[in-house]
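Starting from the structure of chain A, add chain B where the hints point.
If you want the building blocks of each chain, they are given just below.
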Amino acid sequence: MLRRTLGKAVLATPLAAPLAAPAFAQSGPIELTFWHGLAQPLGGLLEEIVSQFNASQPRFRITPSFRGSYPETMVAAIAGFRSATAPHIVQMFEVGTGTMMAAGRAIKPLHELLLETGVTIAFDDYLPAVRGYYSLADGRMMAMPFNSSTAVMFYNKDAFRRAGLNPDVAPRTWAEMRAAATRLRAGGIEIPVTTAWPTWTQVEQFSAIHNTPLATLDNGFGGLNAELRINNPLMVRHINTLMEMGRENTFRWGGRDGAGDALFANGSSGMIFASSGARARFVRELPGGVANLGVAMLPYYNDVQGAPINSIIGGAAFWAMNRGPNAARSADENRGIAEFFAYLAQTRVVANWHTATGFLPVTRAAFEQVKATGFYTQNPGADIPIEQLLRGGGQMTGNSRGIRLGGFVEIRTAMQEEMERALQGQQTAQQAMDNSVTRGNVVLRNFERTNRG
Amino acid sequence: MKKVYFKGIALPYFLLLPQIIITGLFFFWPAAQAVRQSFLREDAFGLSSQFVGFENFTDVLSDPTWLDAAFRTLLFSSSVAILALGAALFLAVQADKHIRGADTYKTLLIWPYAVAPAIAAVLWLFMFHPNIGIFGRMLNALGVPWDYKLNGDQAMLLIIFAAAWKQVSYNFIFFLAGLQSIPKAVLEAAAIDGAGPMRRFWTVVFPLLSPTAFFLMVVNLVYAFFDTFGIIHSLTQGGPGKATETLIYRVYTDGVMNLNFGSSAAQSVILMILVIVLTMVQFRYVERKVHY
Numbered sequence: 004m005l006r007r008t009l010g011k012a013v014l015a016t017p018l019a020a021p022l023a024a025p026a027f028a029q030s031g032p033i034e035l036t037f038w039h040g041l042a043q044p045l046g047g048l049l050e051e052i053v054s055q056f057n058a059s060q061p062r063f064r065i066t067p068s069f070r071g072s073y074p075e076t077m078v079a080a081i082a083g084f085r086s087a088t089a090p091h092i093v094q095m096f097e098v099g100t101g102t103m104m105a106a107g108r109a110i111k112p113l114h115e116l117l118l119e120t121g122v123t124i125a126f127d128d129y130l131p132a133v134r135g136y137y138s139l140a141d142g143r144m145m146a147m148p149f150n151s152s153t154a155v156m157f158y159n160k161d162a163f164r165r166a167g168l169n170p171d172v173a174p175r176t177w178a179e180m181r182a183a184a185t186r187l188r189a190g191g192i193e194i195p196v197t198t199a200w201p202t203w204t205q206v207e208q209f210s211a212i213h214n215t216p217l218a219t220l221d222n223g224f225g226g227l228n229a230e231l232r233i234n235n236p237l238m239v240r241h242i243n244t245l246m247e248m249g250r251e252n253t254f255r256w257g258g259r260d261g262a263g264d265a266l267f268a269n270g271s272s273g274m275i276f277a278s279s280g281a282r283a284r285f286v287r288e289l290p291g292g293v294a295n296l297g298v299a300m301l302p303y304y305n306d307v308q309g310a311p312i313n314s315i316i317g318g319a320a321f322w323a324m325n326r327g328p329n330a331a332r333s334a335d336e337n338r339g340i341a342e343f344f345a346y347l348a349q350t351r352v353v354a355n356w357h358t359a360t361g362f363l364p365v366t367r368a369a370f371e372q373v374k375a376t377g378f379y380t381q382n383p384g385a386d387i388p389i390e391q392l393l394r395g396g397g398q399m400t401g402n403s404r405g406i407r408l409g410g411f412v413e414i415r416t417a418m419q420e421e422m423e424r425a426l427q428g429q430q431t432a433q434q435a436m437d438n439s440v441t442r443g444n445v446v447l448r449n450f451e452r453t454n455r456g
Numbered sequence: 128m129k130k131v132y133f134k135g136i137a138l139p140y141f142l143l144l145p146q147i148i149i150t151g152l153f154f155f156w157p158a159a160q161a162v163r164q165s166f167l168r169e170d171a172f173g174l175s176s177q178f179v180g181f182e183n184f185t186d187v188l189s190d191p192t193w194l195d196a197a198f199r200t201l202l203f204s205s206s207v208a209i210l211a212l213g214a215a216l217f218l219a220v221q222a223d224k225h226i227r228g229a230d231t232y233k234t235l236l237i238w239p240y241a242v243a244p245a246i247a248a249v250l251w252l253f254m255f256h257p258n259i260g261i262f263g264r265m266l267n268a269l270g271v272p273w274d275y276k277l278n279g280d281q282a283m284l285l286i287i288f289a290a291a292w293k294q295v296s297y298n299f300i301f302f303l304a305g306l307q308s309i310p311k312a313v314l315e316a317a318a319i320d321g322a323g324p325m326r327r328f329w330t331v332v333f334p335l336l337s338p339t340a341f342f343l344m345v346v347n348l349v350y351a352f353f354d355t356f357g358i359i360h361s362l363t364q365g366g367p368g369k370a371t372e373t374l375i376y377r378v379y380t381d382g383v384m385n386l387n388f389g390s391s392a393a394q395s396v397i398l399m400i401l402v403i404v405l406t407m408v409q410f411r412y413v414e415r416k417v418h419y
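Chains as they are written, first to last, in my numbering: chain A, 4 to 456; chain B, 128 to 419.
Please note: incorrect hints may appear among the correct ones.
Unchecked claim - Cβ pair distances, simulated, as ranges:
no., chain 1, residue 1, chain 2, residue 2, range
1, B, PHE154, A, ASN329, 27 to 35 angstroms
2, B, LEU235, A, ASN243, 45 to 53 angstroms
3, B, ALA245, A, PRO290, 28 to 36 angstroms
4, A, GLN60, B, LEU188, 52 to 60 angstroms
5, A, LEU139, B, PRO239, 53 to 61 angstroms
6, A, ASN329, B, GLN160, 17 to 25 angstroms
7, A, SER72, B, GLN160, 21 to 29 angstroms
8, B, THR192, A, ASN269, 32 to 40 angstroms
9, A, ARG448, B, LEU235, 52 to 60 angstroms
It is worth saying that the hints were derived from the structure and are not from the lab. Where is the CB? At the ideal position from N, CA and C, for every residue including glycine.
Pulled out of the complex, with its shape left as it was, chain A reads as follows (with noise of 0.2 angstroms):
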C-alpha cells in the first residue's frame, strides 16, 4: 500500500502537466498493445471494438493479440511484466482479480489513471455487482470492467419437446430438475445434463444464490486472511446430488473450465451451466439456432432458506500494466489507454457487445436503450442473465457480492480435482470438499505471506 501511494506522488506529478502540448509533435500514432484471452466468435467481435477506436481518432493504435484461454493470458501477461514486456492493457478473467489487486507497481490502478490523465468515466451508471467487483473497498475503480457474464442454464428446446417436456418452461429448482433430467434420459438425450466451468457454475454460484459463504471475510473482500468455508452441509448436499446424478447417467463431467461447452453446441446434452457469454456461440454452432435455444436462471434447492439471491459476476475486465518492475508508461501511453477505456464505456459500444454476444449490458443506459429497441422480445431469453443478477431484490450480501481471493487460479483447480476424484467415485463429497478446502486454505496463506509487503 506504501508502495504503491509513494509511486503516485512520485509519477503524478510531473507527468501531468506537459500532457496537452508536446503529444501532438510525435510523428504517426503511439502505439499500445492490448492481450486478450476470447476465442473466435468473441475475439473477433472485441478485436473489431478495437479497430473501430482506431478508426475513431488518429492519436493512438491498438494492437489486439489473443494470448488463448484466461487463464494462459493471465501467466503471459505476469511472464511479460517479470521479463519487462508487459501489454498496456491486459484482459484479465474474474478469477485473477484478486492477484491483480495485490499486484503493486506491476498494474496501473484504473483511478490512478484517470486522475492523471483527466479522463473520466461514469461509473455511477454501471451496475453495482459489476462495480464493486473491481473496486476497492472506498468504491474506487481499480480496472476495466468489460465483458461481464454470469451463469445461466441453457437448455435444448428440441430435447425437451422429445422428451415430452414443454420447452417453454425450464426447471427452477434442483427437484425439478433432475426430474427433468430423468425424462431426458429416458427420451434417449445421451447427456441430459452438463456444466461448463464446473466449480464457478456449481460451487462458486451455488453459494452466491443461496446465500452460502465460499469463503470468510466477505468471500475474502475484507482481506487476505480469509479462509474457505466450501465443505458446508449444503455445499456437500449438492455434490452429493451431482454425483447420485453421474451414477444414474443424467449428469455428464464435460471436463475442466470452458470444455463443456462443446457437449451442449453439438446438440448432445440437455442443459447446461454455462457463462452467458456462451451465448454468442451456441447461436451460432446449436443445432436449431437460435430458436431452439433455451435460457433459464439457475435452479437452487427451495427449501434453504431466503434462496435464491442474486448471482455474482464472471468474464473478464481490462487491467493497464506497467511494462516491468522498472518501467513506468509514459504520459502519452497512459492517455491512450484512458481514452481506449472511455469509448468503451460508451453506451452505444456497450449496448452492441451485449446484444452481439450475450456478456451482460455494464451499464445502466446500455441495458435501457436495448430494452426500447425491442431486442428482449424479439430475443427470449437474452434478459435473464441481468435479471438473475437482480434476483432476490438486488440486494447483494457478502456472500454474493463476488470472489477476492488470491491463488484462485490454482484453487479452482484444487476443486476441480476433487470434484473429479469424487464423481469418479474415489471419495465421498463431505471428503472432496474437506480436501478443497485443506489444499485451497494452503494456497491462500501462501499467497497472504508472499503479498503481505
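Quick look at chain B alone, frame taken from chain A:
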C-alpha cells in the same frame, strides 16, 4: 588407436567453444537459475522475494500429492518403456524377415516419429474422446463405459499408449539396425546345430541386441520422464483428479499455472538430482551386465 595431439591449449578450447556456449546457455545457466529460485519465495510478479532456505524442498517432499505423482511417474515411465520397446522389437523382427513390400512397411513404421507430441495427442483425442472420438463412441456403443475425462485408469492407459506409440518408431529403427548387424553366419551355425527360430531368437539374437536394448531403455525412460509433457497437456492436463499428473507436468502446473516459482524450482532441482543419480547408477551397474 591413433591419438591426435594439439599444440597449445587455445585451439582445442576454441574448437569446443560452440558446444560450451550452447551447454552453458541452455543448460548451466537455467539450471543455476532454478537452484537459486528454489531457495526463494516470490510473489507472482516478482516484486518481493524472500530467502527461505530449504523450506521449498521440505514442503515438496512432505506433500502427499507430490509423492503420489512420483510413484505415478515411475509407473507411467516403466509402462511406456516396456510397451514401446516390446512392440518395436516385435515389429523389427518381423521387418527383418524377407517380406513383400518391406520398404513401405518400414517407412510407415518410422512415420509416427516425425509427428510432434501435441499433434500425436490430438490424433489420439480424435480417436478416443468419449463423445467425438471414433473409437470412444464405438466403445460406448459396445457397452464399455469409456470416459477418460472422468476415469483416471482409462486416462492413464490412454496417455501410456499415446506416449508409447510415438516412441515405437524410434526404437524400431535402432532394433532393425541392430538385427541387421547380427552376422548371418552365427544364425546359420545355430540353425545347423538344430536350434529352432524361437531358440535362435532368445539365445543368439536377443543377447547380441542387448547393447541396443540397453541404450534404448535409457532413452525411453528419459523420454517418458521428460518429453511426454505435450501428450499429457493436450490429452488430459494431468486429470482427471491428478490421475495423469507426472512430475514434469507437476513442475509446469506449479510454476507456470499456479505461479509458485519457488516450489516449482525446488521440484526441478529434485528432478535434476534424480536424473543425475539414475544415469550414474544405470551406467555403472546395468552396463556391466550387457554383452558388447
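Each hint, compared with the structure:
1. At roughly 29 angstroms, the beta carbons of PHE154(B) and ASN329(A) sit within the given window of 27 to 35 angstroms.
2. The given range of 45 to 53 angstroms is respected by LEU235(B) and ASN243(A), whose C-beta atoms sit roughly 51 angstroms from each other.
3. Take ALA245(B) and PRO290(A): their Cβ atoms lie about 30 angstroms apart, and the range 28 to 36 angstroms holds.
4. Checking the proposed 52 to 60 angstroms range against GLN60(A) and LEU188(B) shows it holds: the Cβ atoms sit about 57 angstroms from each other.
5. Against the hinted window of 53 to 61 angstroms, the Cβ-Cβ separation of LEU139(A) and PRO239(B) comes to about 55 angstroms, which satisfies the hint.
6. The hinted range of 17 to 25 angstroms is satisfied by ASN329(A) and GLN160(B), whose Cβ atoms lie roughly 19 angstroms apart.
7. For the hinted restraint 21 to 29 angstroms between SER72(A) and GLN160(B), the CB-CB distance of approximately 27 angstroms keeps it satisfied.
8. A hinted range of 32 to 40 angstroms holds for the C-beta pair THR192(B) and ASN269(A), which are about 34 angstroms apart.
9. Range check, ARG448(A) to LEU235(B): about 55 angstroms between beta-carbon atoms, so the 52 to 60 angstroms window is met.
The structure shown violates none of the earlier numbered hints.
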